[in-house]
Structure formats: C-alpha cells, structure tokens
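> Chain by chain, the residues:
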Amino acid sequence: MTRQHLQMLGSLLVALAIVAVVILVVTARLNSIPADRLEHHGGDSHGHSGG
Amino acid sequence: MEAAFLDSLTGGHVTAVKVVLASVVMALACYQLLLIAVAYGKLRLGFLSKAPAAGAHRAVGDTTAVILLLVATACLSQYGFEGEHHGEGSGATALHVIAGSALVVVLAVKVALLRWWPGLGRLLPLLGTTVFVLIAVTWLTSAGDILR
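Protein sequences appear in the order of chains H and F. Quick note: the first sequence, position 4, residue 4 per the working numbering, numbers continuous. Quick note: the second sequence, position 26, residue 77 per the working numbering, numbers continuous.
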C-alpha cells in the first residue's frame, strides 16, 4: 500500500468519524427536544421526541 | 416511497431520522470544502497531498449525494412540494422548498459535468460552492431550525 493510498484511507476514516460524531450529537439533542416541538416540525407519528 | 413505508422503516421517527441524515450531509459538506481546498492546492497540509484529497472528495461526495437523495425523497413523500414544516406557507418553508429543489438540480448538473462533459471542468468550483450554499440553506431552514 502506497503513501497515497494511506492518505486517502485516512481521509475516508475521518469522514466516517465525522458521521459517527454527528449521529451521536444530533441524536442526543433530539432526545432533549420536547415531543410536541418535534411534532410541530413534521409530526413523528408516535409522538416520540426522536433518537 | 409511501409515507406508511417510511413510517415503518423509521419506527415512526421519520422527522428525527431525516434531521440526523441531513445533519450528516451538512457536516460532510463542510469536510468536502476542506478536501477540495487541499486538492486544488489552496490549502497545504503536510499529511495530505492533492491526489488523495481529490479521491476522498469524490468518494465522500458520491456517498453524500446518495444520502441527500434519500432525504429529499423522504421529504417529498412526507410533505410534497407545499410542505407543513413551519406552518403552511411560511417563508422558511418556501425557502426550504426552493433551496432543496435547486440543490437537486445543481447536483445533477455537477455529476453530469464530471461524467460526460469534462471539458467544462472550469465550472466545477462554482457548482461545488453553489451546492454547499444550497445544502446550508436547506439544512438551516429544516434540521437546523429544529435543533436550535
């Protein structure tokens, strides 16, 4: 595996890490939003606050 | 996609899933700016050279485009073009619909340029910037508004 391959692999792993962090942070934030506010914005059919 | 199918697919949390996916797209779009700046030589990082940055930009872009189209399809099947996000007919909803529709069109043009019209490659920076701005506006008028 060349240096360029390793650099590209590293860049893709960073992208994967970004995705993981965003999912965790946004899910935590959604869980702290009151169900009625989330329903107002689109209405999850079960009235849950997401996550 | 039917609304009932989306509902069962997300366990009744369609909005929450869309917010998460749209936020992933927004974050990856920021990362894409960094990668393309390195690929064009505007930003020099000792640990990342131009060719790998361009390759990663292409791979992340393809993935982001697929997620984006999934969110757009879910949005259209749930609300249609009129939408009820912020109360019928509100300015934010109109802006969201316009920016989202323009995003799909500009993204399609960018992909077509890459695949079939490489001679027009000089337009790519402009199209890429437009895609980023449209993603930001679409996110801010929906997911960003919910998360604030």
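Since the hints were derived computationally from the structure, they do not count as laboratory data. Backbone N, C-alpha and C fix where the C-beta goes; we use that ideal spot for every residue, glycine too. Take the hints with a grain of salt, since some may be wrong.
Stated by the list, open to error - Here's a subset of chain H near chain F, in silico, CB distances under 7 Å, partners left out:
(1) 7
(2) 8
(3) 13
(4) 16
(5) 18
(6) 29
(7) 30
> Indicate, hint by hint, whether the structure satisfies it.
Hints, one by one, checked against the model:
1. 7: Cβ of residue 7 of chain H sits 4 Å from chain F, so the hint holds.
2. 8: holds (4 Å)
3. 13: Hint violated; residue 13 of chain H Cβ to chain F Cβ min 10 Å, cut 7 Å.
4. 16: Violated - the Cβ of residue 16 of chain H stays beyond 7 Å from chain F, reaching only about 10 Å at its closest.
5. 18: holds (5 Å)
6. 29: With a closest approach of 5 Å, the residue 29 of chain H hint holds.
7. 30: Since the shortest Cβ distance to chain F is 5 Å, the answer is holds.
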